[in-house]
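**Student:** Protein chains in written order, with the numbering used here: chain Y, 1 to 129; chain Z, 1001 to 1133.
Read the hints as simulated data drawn from the structure, not as lab findings. Errors might be hidden in some of the hints.
Covered by chain Z, according to a simulated footprint, are these stretches of chain Y (three or more residues, beta-carbon under 8 Å) [to be verified]:
1) 30-40
2) 43-56
3) 101-108
4) 112-118
Bear in mind that the values here come from a model prediction, so they are computed numbers and not experimental data. By construction, the Cβ of each residue, glycine as well, lies at the ideal position given by its N, Cα and C atoms.
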Amino acid sequence: MKEGPVAAQETPDERLAVEAQTQGCTALIALRGELDLVTVSKVAEVIDSLDPQSNGLRHVVLDLRGLEFMDLVGLRELVRQQEFARSNTHNLAVVRGTPDIERLLKLTGVQDRLVLVDDPEDLAPPVGT
Amino acid sequence: MPSASWTHRAEPDCVASLRNQIVGFASEHRVTDPPLGDLKLAVSEAATNAVLHAFVDDATPGALTGTIHVDAGAGCVTVRVCDDGAGMIPRSNSTGLGLGLPLIAQIADEFSIRAGAEGVGTEVCMTFAYSAA
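Starting from the given sequences, assemble the full structure and let the hints guide the process.
**Tutor:** Take a look at the structure:
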């Protein structure tokens, strides 16, 4: 058996981009890259920094369309954010990702615990209000 | 039969490295999707388990090795993820939710977990069937 080729290691910032936009009482957070053990803390940091209660945010939309990969560590963060939203009385919606991510949500039953949409525009009230 | 192996220090960064190395090798050898997506997820879960649990009592983490065998004739790809850590010990202070291994069992066509070579550490073995061209 041969030793496999060594690939250059990317930093967490290269592997996951988290972009937050706030309009009115809605925050849209777009994820691009891979969500796993190393990168998951970036999502928590961004959402925590929004401080929805203090800043009057009523809706947080987590957009998974740019995610290339997510495992159970990422899934647990979604559930954690859902529980935080419930206790903080803001709304959390998740924009569906790739078929593999959809499959993970389905296999674990988490899809029934989240508000899932295909596009942020599907939300009522619309993003930006 | 094409095969390859990679060994890393079992630190968090190695999860993505091992995941992408194994899936990259499978892609190069024409393993189809499905099951590539499931294979990627399963490797990530097995490696994450090892990083989080195998070396909790050690000052520095040990080794994590991933091996892949692609058997186009049989239409299956087999991956082993092995560590040289503490082995399978029930822990009351586990940081996980215990879902990783059941998820692997759910998505792999064959799955086993056992003590590593000479009784050291843990070996997770998983096989995925695919349609070889």
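**Student:** Now tell me if each hint is right for this structure.
**Tutor:** Verification of the hints:
1. 30-40: As far as the region 30-40 of chain Y goes, the hint holds, because 4 residues have Cβ atoms under 8 Å from chain Z.
2. 43-56: violated (count 0)
3. 101-108: Answer holds; 4 residues pass the 8 Å Cβ test.
4. 112-118: violated (count 0)
The structure fails to meet hints 2 and 4 from the earlier list, while all remaining hints are met.
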